[in-house]
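Each chain is listed here by its residues.
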Amino acid sequence: MWKWFHRLASPPHFYRLAAVLSPWLAVPGIALITYGVYAGLFLAPMDYQQGDAFRIIYVHVPSAYLSMMAYMIMAISGGIGLIWRIKLSHAVAAAAAPLGAAFTFLALVTGSIWGRPMWGTWWEWGDPRLTSELILLFLYFGYMALRSAIDDTAKADKASAVLALVGIVNVVIVHFSVEWWSSLHQGQTLMKEGGPAMDPGMLYPLLAMILGFTFLFGSLLLRRVRTEVLFRERRTRWVREMVLSPEGR
Amino acid sequence: MNEPELQQPGLFSGLWATARRDLLLAWKRPGDVLNPLFFFAMVCTLFPLAVGPSAEQLELSGPGVLWVAALLATLLSLNSLFLGDLEVISLDQLLVSAQPLPVLALGKTLAHWLTSGLPLVFVSPILAMTYRMPASVVPVMMLTLLLGTISLSLLGSIGAALTVGLHRGTALLSLLILPLAMPVLLLGANTVSLAAGNDVYSTGIWALAAYAIASLSLAPYATAAALRISNE
Amino acid sequence: MENLAMGNYGVYVWSCFALTLAVVIFSDWRARLRHKRVYRDIEVRIKALGDGQ
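Residue numbers (my numbering), protein chains in the order written: chain A, 12 to 260; chain B, 35 to 266; chain C, 25 to 77.
Chain A on its own, in the form it takes in the complex:
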């Protein structure tokens, strides 16, 4: 088992494996999303309170979920790279950051658009989830800014890993403190994110979307890590041989 793991962490093996694996994640992902979009938009019954506007949930919730998951991946792989000094781990963290930021942005914009018909305003500071998500975006920007400010790759890896780990604690705390704050100020109706009482006709497309997006994210991440590995290893012999050989890619 360890041998497999060691081989996986070896850059040339990972490089080849990621290329093979990525489509195996993308295809089911796209299939699930296609079902989810169709069912969510056309098959799921209309919401009692929000009418058809609630259907935004089918893109908003997966985005928000991914924004959090990407951060966890970023922080945990940074931590693994820091503690066990696995270079590939740092590459994963570096690759996850822009993806996570993109989905955070998406969650914020879809949340804002959803809010317009619901609250009558494009932004509601009183909504704890929206505000926490905004702070998460700032955390991503800080992370990426720190990475680009440090020239030495290894140093940048370690410094940003520390930042991401400190940030994890912050994500949790921000969520709770913003909720307390919003309850003080009688925040507007929270966006309905569905609970156990959700009608199955509404729930299944949502689950499909979440799962589908996760697969798709995994596929995108693998490709980005692959590029990152290629870049970091650009002066090594295996890259040289691969590039010079006829079937290199």
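Keep in mind that the hints were calculated from the coordinates and are not lab data. Yeah, the Cβ is synthetic: ideal placement off N, Cα and C, and Gly gets one too.
No more than 30 Å apart at the CA atoms, straight line, and that leaves these computed lysine-lysine pairs for DSSO-like:
1) C:K71 / A:K98
2) C:K60 / A:K98
3) A:K14 / A:K166
4) A:K98 / A:K166
5) C:K60 / A:K166
6) A:K14 / A:K98
7) C:K71 / C:K60
Footprint (simulated), chain A over chain B, 3 or more residues, beta carbon under 8 Å:
8) 200 to 212
9) 219 to 229
10) 250 to 261
Got chain A; can you put chains B and C on it based on the hints?
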């Protein structure tokens, strides 16, 4: 030959040593302590100028404005937390010292708080008065600032350690610290607002205290790790 | 077939879905672009070094 008896240094002797050194340095350069305080006062002045001096607005926004000003002033003073050491190469000395690095980092942070956070607490009543804060609320505000600035100094030291010596480190430092500082700001300012509205505000105080204690136990390790990384 | 106007919320719902699609496609495009660029730069450098010798 007589062998002098060596005294084993205590666990926290490094803490007092670094704290004392920074405090002495601050004593020699009072500007370092006074500038952030002036900044604090000026930011508090900016808001009424920009938003108008209506009494209601002042009273309502007082807690928030004072807290934001305190946060910004702290950010300003954090930049030079480790910068001076970097320039004088004493950072290397800290790193190779036999004393545990988190303890030394804590010592520097303590000195920072004593020269930035604590003065803010004492200056705040004057500015609070200009915001027509009721006298009964002022002690609550001072307490929130006291607890909050402790957290801010500790969290800030992590950011300062990560960005020490970086090109344009100041802006980056602020970008890194502000998300970490938001819960503190939120708790502090809103607790004061609650007190001003005669509501129960003890939750906020406990939360601020918890935050300070948590920062106290965890931040020095992160700062130490960051210092090692930055100095490679 | 359900009413495409989504009960007057059409603009909001469709813009969200369109934006999501756009972001996903954009991410995919950027990932490919970056990979091509990195690969090309390495190829150029390695081949140049090879000839230069």
